[in-house]
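For the record, the sequence lines run as chains A, B, C and D.
Going by the working numbering, the first residue of the first sequence is number 81, and it counts up by one from there.
Going by the working numbering, the first residue of the second sequence is number 81, and it counts up by one from there.
Going by the working numbering, the first residue of the third sequence is number 81, and it counts up by one from there.
Going by the working numbering, the first residue of the fourth sequence is number 81, and it counts up by one from there.
No lab work stands behind these hints, which were simulated from the structure alone.
Do not rely on the hints blindly, as some may be mistaken.
For identical chains, the list gives no copy identity; a pair is met inside one copy or between any two copies.
Under the rule of at most 30 Å between Cα atoms (straight-line distance), these lysine-lysine pairs were calculated in the DSS-like manner [to be verified]: (1) 545 <-> 320; (2) 283 <-> 306; (3) 283 <-> 87; (4) 254 <-> 545; (5) 320 <-> 306.
All figures in this text were calculated on a predicted structure; none of them were measured in a lab.
4 protein chains.
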Amino acid sequence: MSYTNEKVTDLKIAYIGGGSKGWAWGLMSDLAMEDTLSGKVKLYDVNYQAAYQNELIGNRLHDRTDVAGKWEYEAVRTLEDALTGADFVIISILPGSFDEMESDVHLPEKYGVYQSVGDTVGPGGLVRALRTIPIFMDLAQQIREHAPNAWVINYTNPMSLCTRALYATFPEIKAIGCCHEVFGTQKLLASMVEELLGVEDVKRQEIKVNVLGINHFTWIDQASYKGIDLFPLYEQFVDKYYESGFEGSEKGHWMNNHFASAERVKFDLFKRFGLIAAAGDRHLAEFMPNTWYLTNPETVREWKFGLTPVAWRKKNKQALVEKSNQLATGAEPFELKPTGEEGIDIIKALLGLGEFITNVNVPNQGQVREIPNGAVVETNAVLSYGSVRPVLAGELPKPVQNLVMRHVMNQETTLQAALQKNKDLAFQAFVQDPLLSTLKPDEAIKLFDEMLVNTARFLDGWNLKVHTS
Amino acid sequence: MSYTNEKVTDLKIAYIGGGSKGWAWGLMSDLAMEDTLSGKVKLYDVNYQAAYQNELIGNRLHDRTDVAGKWEYEAVRTLEDALTGADFVIISILPGSFDEMESDVHLPEKYGVYQSVGDTVGPGGLVRALRTIPIFMDLAQQIREHAPNAWVINYTNPMSLCTRALYATFPEIKAIGCCHEVFGTQKLLASMVEELLGVEDVKRQEIKVNVLGINHFTWIDQASYKGIDLFPLYEQFVDKYYESGFEGSEKGHWMNNHFASAERVKFDLFKRFGLIAAAGDRHLAEFMPNTWYLTNPETVREWKFGLTPVAWRKKNKQALVEKSNQLATGAEPFELKPTGEEGIDIIKALLGLGEFITNVNVPNQGQVREIPNGAVVETNAVLSYGSVRPVLAGELPKPVQNLVMRHVMNQETTLQAALQKNKDLAFQAFVQDPLLSTLKPDEAIKLFDEMLVNTARFLDGWNLKVHTS
Amino acid sequence: MSYTNEKVTDLKIAYIGGGSKGWAWGLMSDLAMEDTLSGKVKLYDVNYQAAYQNELIGNRLHDRTDVAGKWEYEAVRTLEDALTGADFVIISILPGSFDEMESDVHLPEKYGVYQSVGDTVGPGGLVRALRTIPIFMDLAQQIREHAPNAWVINYTNPMSLCTRALYATFPEIKAIGCCHEVFGTQKLLASMVEELLGVEDVKRQEIKVNVLGINHFTWIDQASYKGIDLFPLYEQFVDKYYESGFEGSEKGHWMNNHFASAERVKFDLFKRFGLIAAAGDRHLAEFMPNTWYLTNPETVREWKFGLTPVAWRKKNKQALVEKSNQLATGAEPFELKPTGEEGIDIIKALLGLGEFITNVNVPNQGQVREIPNGAVVETNAVLSYGSVRPVLAGELPKPVQNLVMRHVMNQETTLQAALQKNKDLAFQAFVQDPLLSTLKPDEAIKLFDEMLVNTARFLDGWNLKVHTS
Amino acid sequence: MSYTNEKVTDLKIAYIGGGSKGWAWGLMSDLAMEDTLSGKVKLYDVNYQAAYQNELIGNRLHDRTDVAGKWEYEAVRTLEDALTGADFVIISILPGSFDEMESDVHLPEKYGVYQSVGDTVGPGGLVRALRTIPIFMDLAQQIREHAPNAWVINYTNPMSLCTRALYATFPEIKAIGCCHEVFGTQKLLASMVEELLGVEDVKRQEIKVNVLGINHFTWIDQASYKGIDLFPLYEQFVDKYYESGFEGSEKGHWMNNHFASAERVKFDLFKRFGLIAAAGDRHLAEFMPNTWYLTNPETVREWKFGLTPVAWRKKNKQALVEKSNQLATGAEPFELKPTGEEGIDIIKALLGLGEFITNVNVPNQGQVREIPNGAVVETNAVLSYGSVRPVLAGELPKPVQNLVMRHVMNQETTLQAALQKNKDLAFQAFVQDPLLSTLKPDEAIKLFDEMLVNTARFLDGWNLKVHTS
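Chain A on its own, in the form it takes in the complex:
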């Protein structure tokens, strides 16, 4: 890497994962449109073929005249190769396959437990964490060995536990977890400003928020647009749309879109707890007891958000594979468009090309009061040359803190269980998950046993003997 005249050349990025296509292509697009950076991206995926196709796709961009940032892409066969010499490491993997995810998300339905995403908390999130943590421990060890000074940007879920596992393994790692869910809430507030104040074209970056909590269960306790406090406005807005829901800020209608919602969960949480929950409703609902929003599909419909079936993900993946083939051969041209993600801005800031403030996931060192140190929390941070410094975000009101802490402590238990390969300990977390709050312990055990069997190939060294207590 070499800095001259506000440009960085020869930058080395290791991109881990990317079989999922979307994130990799987005990065390519964003890099292509940025003229202050150039260098090489090494692509590593457990499926080499997937990485290789991305190499082909990425290298096609190099000579296009509409491309400002010139990058070389190379698929590599080992993590070591990818990491050696890297200035940045970007992680965006699918832990396991959609088959394991299908079990995570849908098997609990047998017990009346529904999940809208299933990748963060709830039975699905917890089991996903158990198979993901060892992968991230291995990543951290290899980063320690091959790229100890690199900055690591993680996009994989469960975000908090992935990032936690990196730090637990290599405490000096310079890693941050990045997630766009808060952006979505900023966009919602921007739409609100446009609608209620008649301002045009409000950018999400103009919505200043104080963010605190854990990923996908983050809360905003202060929000402003220029000289205007948005809390009184949000109260009006919630009153107006509480029943009907609000559908302006996301693309598709919630009914036709597995990823959309009408924000009713968010509005309900505001009425009950007084803060703005800053994630999509599909995520928020999973952090609450199943008697609240995810009781059953009818209740979900009333709250107007989508359950994302894994079958859809499988089908969508097929489409992406086909598109990948088209892009790799050049049959379909690669379209450049900004993703709205901040990966490139983050890289630039850390290189000294533009300080900025955004929300990140890093271990708590006091940025959120009354959450244990070391647990991964999400708050704003100042990103500047060589540093990510969280801002002091204060403390959640006790009732919300209670909602959040339950998951924080469950995540700490899950981490320990994964480190120790200890099924009993893992179950002590599982049984405390709020989505299982109507199950008897013995039902929870049965469900847990079945789920673990389905993810067993990732639980090397565990004793999965079925409970018979």
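Once you have looked at the hints, place chains B, C and D on chain A.
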């Protein structure tokens, strides 16, 4: 108060409450049998007549030849009178009457929510707290004014929140909350040692335990008898009695006794979490989700513990009133027998007459790691001349910490709600109580509204308007 | 106050102090050049006449065509009048007169103790604090009563203790302490970049620094200019100028200017401790033992910084009084020029007119690890609509932390001494000041007694009886 | 080890060091008089011959009829041999020889710096620490490998840093540092009670104290004898003996005894800071600036305490060697008498043979508020079966905290310097030692350079190049 030659004379004790008879008579009995202390007890109760009868009963002891400690008893009409000049203040009140308690305990049954005691957590404990906190705030203010240097010993439930309210109001107060539930667990362990090791006459004080948690949900993570680690022994013991329960350590059989249990809840918690829960099963069960032990009366019977009906308390009170009349007139002689409570030992220790170690409830200052400072926790402490110094009890394992923290934070919320007379805030705690984990939020609101109406005469200044969200 | 279209009108500012002229006129100048703000400034000074002259001077600006921000100035006779309705309160007072300051600074010279400023730490700073703290306690009380929601910006020294006293008296106060010493160090680094890298016109704002410590003894542990780490560069720079000193970044030469220095103290601290001290040498020297830089006037000359005699301040004040007369009558025109201070930027940021990051003095809540919570520390903070959020600045290396903590704890002691009017306690801080490290305790007592006598009119209620131990 | 009927047989103790004789013989004597313990002591010393002579001496006791505790002693040639199978490890070594100690203590006198002991803080204590820490790191590693579950009792100075080094290397170690200095202060208070109250034969254990601080600079903020607060009494006592000193509580007169004092330093600290310093005056004086008590030999004489010359230690050692020969051959009989040390009581308590409370040195986990976690502090602790639990000792008043923290932070710096073999870092601690407060930095450097040369054979891997800045 005057100290000479290892005796203290002229000691002044303010006894607040005592209409409940049992505690007051126990104190009289213990004081009568202790020859190093003498002085005067001022008796204050909202029902002066009850206090006056205790005056008559207490003063009858003075000239008995079998009485070692000579005390004068005087019923007084104001708290100020009771407190002025007091060296010690003992609080043992019933907040409200058994009518309010009947609502606390039994009204939730309409919604399928059962409570075995209803005075600590759960819907009953929370509503009881709301009416008790203002009483304790008033007590603390009067103590600040009239007896700022007195030691205050509280026996009233909800223990944690009563003690918390004292400190919240008068941070320099020298107050401790005392509870005998841990003693019961020590007795269980003593019985175990007798049975499994064939030792005779093991005293509960010989069972050394490290205690940490909150009142009625305290945990033991280290236990020994002389040179013997009791954890492996307890594991055997639990295996032996898990199904049948163990009935040796308490007087009555659980089926015939509203206060007894067969320890099955305690054994189950050990199997699931690896620590010894140190309270009676009736209390422990209330801290867990209602899907565990208090699902319904049948489940309770399987777990072999008693639900204590308030009707029984009312009837029992009648019997005590009659007995009180007999004692006051001398028709029935007052029988001296040790209560097994430690009140007198505590008083002596604080006066310099015998340092000892026991479990107390005081605000956390680090004695339990990872529980917020200020929350009232229960651990061992060294009681010595003029000081109560908690010992560092360490940290609960994360899964148990999660169980405990949920209540700690709910208690902090409840305190704030009581201070602010804020029904919404109180409900934010209520709805998170694990005994309500199968209720929908709207059911919980209805229950809450009804319960508050029944305790309304203690909620001066609150807006109890029914929720209509 | 009213916000519309990115302008704020009707803003109310209370300006407390200002007899010192410089700061008040600077604010007038900055306000006049800012077109997004307008409103009214109420001027309060213990010397009404001084405030009144500022009123005349300020109001002369209103109709000038080169003035963008329109303000009304009004001298008022009471703090209450100044504060009532204020959106912002700016405090810039001289506690006592230059007579007291003369005793603070020069009396210790009798004992061989020299001070270059004498307003922060050292014997002079401590005695100044004792007379200043009651003034700030009174200010805080009046702010609580008359302007509880106002933002308070303090410029008075001793900065840390003035700000600490505000928070100790009114914990919910929204106060920040602002100081330009870090700016000076940024300018030094900018000069360095210009000289060593041949870049032209580097702005101090382009020098990004992580700041941590206490006011006037703040440290930089990370500094960059765009994509360049400045630490290796600073090492070269220090080597080059260690002996000769560097005189480029400040106006006058240190030998002819009581405020200038050649940065040799700063360079020496870097060689010894590895961090960049971020204040003027005259301030830094006072925090170190007197065997280091302030041993005697010869040593001071070797280190090439100025001792600022109070006689000069008195003379300078005369000149300012004359200038004030000229400005008030219009005989001399008021010249508009930017002060380089950030007061206006801070006001704008808090009003939502431009988020920015700068260094502020506020109570520690974790922004500096291992410094006690509540002590006033200096770090960067994000200033945004309605909020000042410190960034987590990390931890000082232990040896520097030791240097800093000695003053932090002395300041805490001084605060307590002022609150309790306790001379013994004040002396327990005094005798631990490093500038007195070569004095015997009995010499220190004599000096302390003499100094207190000279400031006695501000020590109402103290027992100043001379020590005779 | 085997526990039966309140006796432990087959106990294995590793005794490390003991060439110094005194401590080893004391242990033998105490073990011989204790009838509840028996087993084997393995003796390890870098000088095998010294250990072997102790083996001979110890084994002579076995068959004596006046010996209650039967022990086998065996000198071994490796640490591994000593540690393997050990239940307890006792460490009592001399780091280096009296030659190094001579440099530590007396070389600084060239620079006008006097030390009364030179083994804890001051230039001598710091340099001793630098050579001791690697030895303790090695000990900790071997304990981790060969006796990870053993309890480790350290008697070596510098106590805080030796214990700190054990925990820094092996965080799970079960180590405590034990020191009798607090006992001496309890004895002084006992003498005071006897004298002022006319009570006879007061035992030091009857003096209840709250202890907080760091080893040899520990403070008592609460002291009682039965029902009597000792603080008012101590005030009288200090007034009575402030000028003359008090010589009753120690054996020899301070003028003829290098270890005695007349307690004047302790009395002066009480008058100045209000707490009872709980160590011998020779130790206390070394923690204060050299302008206070150790200015020069005349000042020391005025304060009436002894400077302990290393020449005396060398001579005394000769005498002990001769005595050792006599004891080993049986020419001189081994006299049994209680040492007054608590080593045996501690061992018994940890085995479950008698819970008790005493002062220990362990890493801070909150037992002293406002001292950093991890630093080794001295407070009371409850010693019970398998556990050492510090009691919450509270917080030192800020001025005393300032005195203490300076050393705490210097010790943390010294530890880091030793771990990193970093001379610059070590000097950053050295130059901040209060005994050097009148030296210029350049004088301090020269002294430091000379001292390190004299201890160089223990500083393997350091770069000791002389400073030439």
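Treating 30 Å as the Cα threshold, decide for residue 545 and residue 320: within, between, both or neither.
between (53 Å within a copy, 23 Å between copies)
Quick one: residue 283 to residue 306, C-alpha cut-off 30 Å, is that within a copy, between copies, both, or neither?
both (11 Å within a copy, 26 Å between copies)
Copy assignment of residue 254 with residue 545, given that the CA separation must stay at most 30 Å:
neither (38 Å within a copy, 35 Å between copies)
Please sort residue 320 with residue 306 into within, between, both or neither, judging by C-alpha distance up to 30 Å.
within (23 Å within a copy, 47 Å between copies)
Is the C-alpha distance from residue 283 to residue 87 at most 30 Å within one copy, between copies, in both cases, or in neither?
The answer is both: 27 Å in one copy and 19 Å across copies each meet 30 Å.
Hint compliance for this structure: hint 4 is the single one not met.
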